[in-house]
Amino acid sequence: MSDHLNFHFTVDGDNFVSAGQASVQVKKNLRELGLSPDVIRKVSIAMYEGEINMVIHAHGGTADVNVYEDRIEIILDDEGPGIKDVELALQEGYSTASDSVRSLGFGAGMGLPNMKRYSDDMRIDTTVGVGTKITMTIRL
Amino acid sequence: MNSYRHSVVLDEDKCTGCTTCIRRCPTEAIRILNGKADIDTDRCIDCGECIRICPHKAKKAMCSKFEHYTHYKWKVALPAPALFGQFNGLEDIDDVLQGLIDIGFDEVYEVAKAAEQVTAYTRLYLKTDHIKKPVISSACPVISRLISLRFPYLKDNILPIMPPMEIAAMSAKQKAIREHPELKPEEIGVFFISPCAAKVSYIRNGYSGFKSNVDVVISMSDIYFLLLSAMKRGNPPTVGSQTGMIGIGWASSGGEATALLNDNYLSADGIENCIQVLETIENGNIPPQLEFVELNACIGGCVGGVMTIENPFIAKTRLQTVRRYLPVSRNFLSPEMNFVPPEFVTDDMPEYKPITRLSDSMGESMRMMSQIQQLKEALPGIDCGACGSPTCRAFAEDTVRGLVKGDRCCVVLQNAEKKTEAKADEGN
Numbered sequence: 001m002s003d004h005l006n007f008h009f010t011v012d013g014d015n016f017v018s019a020g021q022a023s024v025q026v027k028k029n030l031r032e033l034g035l036s037p038d039v040i041r042k043v044s045i046a047m048y049e050g051e052i053n054m055v056i057h058a059h060g061g062t063a064d065v066n067v068y069e070d071r072i073e074i075i076l077d078d079e080g081p082g083i084k085d086v087e088l089a090l091q092e093g094y095s096t097a098s099d100s101v102r103s104l105g106f107g108a109g110m111g112l113p114n115m116k117r118y119s120d121d122m123r124i125d126t127t128v129g130v131g132t133k134i135t136m137t138i139r140l
Numbered sequence: 001m002n003s004y005r006h007s008v009v010l011d012e013d014k015c016t017g018c019t020t021c022i023r024r025c026p027t028e029a030i031r032i033l034n035g036k037a038d039i040d041t042d043r044c045i046d047c048g049e050c051i052r053i054c055p056h057k058a059k060k061a062m063c064s065k066f067e068h069y070t071h072y073k074w075k076v077a078l079p080a081p082a083l084f085g086q087f088n089g090l091e092d093i094d095d096v097l098q099g100l101i102d103i104g105f106d107e108v109y110e111v112a113k114a115a116e117q118v119t120a121y122t123r124l125y126l127k128t129d130h131i132k133k134p135v136i137s138s139a140c141p142v143i144s145r146l147i148s149l150r151f152p153y154l155k156d157n158i159l160p161i162m163p164p165m166e167i168a169a170m171s172a173k174q175k176a177i178r179e180h181p182e183l184k185p186e187e188i189g190v191f192f193i194s195p196c197a198a199k200v201s202y203i204r205n206g207y208s209g210f211k212s213n214v215d216v217v218i219s220m221s222d223i224y225f226l227l228l229s230a231m232k233r234g235n236p237p238t239v240g241s242q243t244g245m246i247g248i249g250w251a252s253s254g255g256e257a258t259a260l261l262n263d264n265y266l267s268a269d270g271i272e273n274c275i276q277v278l279e280t281i282e283n284g285n286i287p288p289q290l291e292f293v294e295l296n297a298c299i300g301g302c303v304g305g306v307m308t309i310e311n312p313f314i315a316k317t318r319l320q321t322v323r324r325y326l327p328v329s330r331n332f333l334s335p336e337m338n339f340v341p342p343e344f345v346t347d348d349m350p351e352y353k354p355i356t357r358l359s360d361s362m363g364e365s366m367r368m369m370s371q372i373q374q375l376k377e378a379l380p381g382i383d384c385g386a387c388g389s390p391t392c393r394a395f396a397e398d399t400v401r402g403l404v405k406g407d408r409c410c411v412v413l414q415n416a417e418k419k420t421e422a423k424a425d426e427g428n
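Residue numbers (the numbering used here), protein chains in the order written: chain A, 1 to 140; chain B, 1 to 428.
The set of hints was computed from the structure by calculation and includes no laboratory data.
Misleading hints may appear alongside valid ones.
To be verified - Under the rule of at most 20 Å between Cα atoms (straight-line distance), these lysine-lysine pairs were calculated in the PhoX-like manner: (1) A/Lys133 to A/Lys116; (2) B/Lys175 to B/Lys73; (3) B/Lys173 to B/Lys73; (4) B/Lys36 to B/Lys376; (5) B/Lys211 to A/Lys28; (6) B/Lys155 to B/Lys353; (7) A/Lys28 to B/Lys60; (8) B/Lys211 to B/Lys173; (9) B/Lys73 to A/Lys28.
Stated by the list, open to error - Only part of the chain A face toward chain B is listed, based on derived beta-carbon distances under 10 Å: (10) Leu5; (11) Asn6; (12) Thr10; (13) Arg31; (14) His59; (15) Gly60; (16) Ile75; (17) Lys84; (18) Met110.
Said to hold, decoys possible - Covered stretches of chain B, going by a simulated chain A footprint (3 or more residues, C-beta under 8 Å): (19) 84 to 92; (20) 146 to 156; (21) 186 to 194; (22) 345 to 357.
Where is the CB? At the ideal position from N, CA and C, for every residue including glycine.
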């Protein structure tokens, strides 16, 4: 086997109800690996927020969770509109979500800030009009 | 080893190994081994889904029989409020309480009375500073066990007040000891009349070194006909109910939460719905002002328990009639009461058990997980259950764990056979 495990998910673009299923599956896998409740929660929140973001802003994408012996890496990749101003997007409460999305209870502007808070490291590679790739690392 | 003792038992003669239960079990605790259903006691949360779904009635909830406990000199009945929803045309709860006396109990102590106390103290507790919110109800033992196995992060959200049954048992025992100094404590038997199997397990196990005040659990359905015929005799009630609308309301889903007179609550019932709510709370995607969460493993709440007689929705409707003219509550706190009495508080919270972990070593767990992934790729993914595991993923896991031999997938075998046949045809 390679030096890490990979869990790959396709996040469906227009389904709020199924968003979050990947994070539930990841939680199950991480429990089987015997990781601590604290780590599992961090991964699941970071992952869930990421999934929801991809549904709201990017018509879905892919989520990869790579488990190494010393860290977990979450890679969220989409071909959405990209983020114009990353610094602004990282501010709590800032959101470009539509009114209809907000009426569902999403779009509070906490997605990216929470992803940053619950991961030890977060890298955002984004190009407007091309897509966004977010890499989060949680150390074990 | 398996230290947790459950209340779901299998009648081996009736079990056909049909695989219906394995796919319904929310914790994937059941496998078909040697043609019979086999429950992993570490994973089982006593939700009763397998009892409900078994088409051959091979699963039963194990309970005690009332008539086996003649050695108690003073028998106290603790009827769960769901009991009052089981009788057609019931107008007065007192008739049921009298029926319990007529079938041989010496005294009745309503769990609904204790429920009203729990309601009053929960209102106080919600006003406490620095508590983790939303507070999750402690009443349903299935939910407490589920949290301990799967949602350890939410452990501190569980209401640290004992469930009504336990408070009723404690109060009933104290009352009997006080009023009957001639009796030794062990001569007093407290009998909980239960709608569900999970309470049986809760009483036998507690969480950690906990001893319940309930001595015997008897099933509602077991005493139903005995009780019904006693009630038909129509003896005038000598005992009076001490419960109001709130206490009776606890029997169905939403009753506990609405009684708090606080809009910021959520109530859900049905085990799969409860799991989804817990996942959502764990992910933090809930209204920030949410204060209280009531979760009932059974659809409809306690009236949906596997030991009840009546359809949960009919029982609920009957309870609406029964509680119609009752006072809101008969167990208010005195205005100066401003704390939860220590004897009602429990720190006996379920402890996290990582029961699904593959191995004690992370490296080994990763290696096994990788094998599971590979194996799963080779399986058809139709989750038919014919191999005895609930899903293809579970079958792959069982194989890697060494629980089963990996050659039992009939779809894979059939496809291989077809290939061989096709090759043979080509050869001709």
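These are the hints, each one checked on the structure:
1. Between A/Lys133 and A/Lys116 the CA atoms are separated by roughly 14 Å; this keeps the pair inside 20 Å, and the hint holds.
2. Simply put, B/Lys175 and B/Lys73 have alpha-carbon atoms about 15 Å apart, close enough for the 20 Å limit, and the pair holds.
3. The straight-line distance between the Cα atoms of B/Lys173 and B/Lys73 is roughly 13 Å, inside the 20 Å bound, and the hint therefore holds.
4. Of the pairs offered as hints, the one joining B/Lys36 and B/Lys376 is violated, with about 24 Å between alpha carbons and a cut-off of 20 Å exceeded.
5. Between the alpha carbons of B/Lys211 and A/Lys28 the distance comes to roughly 32 Å, so the proposed pair goes past 20 Å and is violated.
6. Taking the CA atoms of B/Lys155 and B/Lys353, the gap is about 12 Å. The hint holds against a cut of 20 Å.
7. A hinted pair counts as satisfied when its Cα atoms are at most 20 Å apart, and A/Lys28 with B/Lys60 does not qualify at roughly 29 Å.
8. A hinted pair counts as satisfied when its Cα atoms are at most 20 Å apart, and B/Lys211 with B/Lys173 qualifies at roughly 14 Å.
9. A threshold of 20 Å between alpha carbons decides the hint, and for B/Lys73 with A/Lys28 the separation of about 50 Å lies outside it, so the pair is violated.
10. Given the 10 Å rule on beta carbons, the hint for A/Leu5 holds: about 5 Å separates it from the nearest Cβ of chain B.
11. At about 8 Å, the closest approach between the beta carbon of A/Asn6 and any beta carbon in chain B falls short of 10 Å, and the interface hint on this residue holds.
12. Given the 10 Å rule on beta carbons, the hint for A/Thr10 is violated: about 15 Å separates it from the nearest Cβ of chain B.
13. The interface hint given for A/Arg31 is met, as the beta carbon of that residue sits about 5 Å from the closest beta carbon of chain B, less than 10 Å.
14. Proximity of A/His59 to chain B is violated relative to the hint, the smallest CB-CB distance being about 20 Å (cut-off 10 Å).
15. Because the closest C-beta pair between A/Gly60 and chain B is about 18 Å apart, greater than 10 Å, the hint is violated.
16. About 17 Å separates the beta-carbon of A/Ile75 from the nearest beta-carbon of chain B, more than 10 Å, and the hint is not met.
17. Interface hint at A/Lys84: violated, since its Cβ lies 26 Å from the closest Cβ of chain B, which is beyond the 10 Å cut-off.
18. Interface hint status for A/Met110: upheld, as the beta-carbon distance to the closest one in chain B is roughly 9 Å, under 10 Å.
19. Counting residues of the stretch 84 to 92 of chain B whose C-beta lies closer than 8 Å to any C-beta of chain A gives 0; at least three are required, and the coverage claim is violated.
20. Residues of the stretch 146 to 156 of chain B with a Cβ under 8 Å from some Cβ of chain A number 3, which satisfies the need for three, so the listed coverage holds.
21. A count of 0 residues in the stretch 186 to 194 of chain B with a Cβ less than 8 Å from any Cβ of chain A is obtained; the coverage claim is therefore unmet, three being the minimum.
22. Coverage of a stretch by a chain is defined here by at least three residues with a beta carbon nearer than 8 Å to that chain's beta carbons; for the stretch 345 to 357 of chain B and chain A the count is 4, and the condition holds.
Consistency with the previously given hints fails for numbers 4, 5, 7, 9, 12, 14, 15, 16, 17, 19, 21, ordered from lowest to highest.
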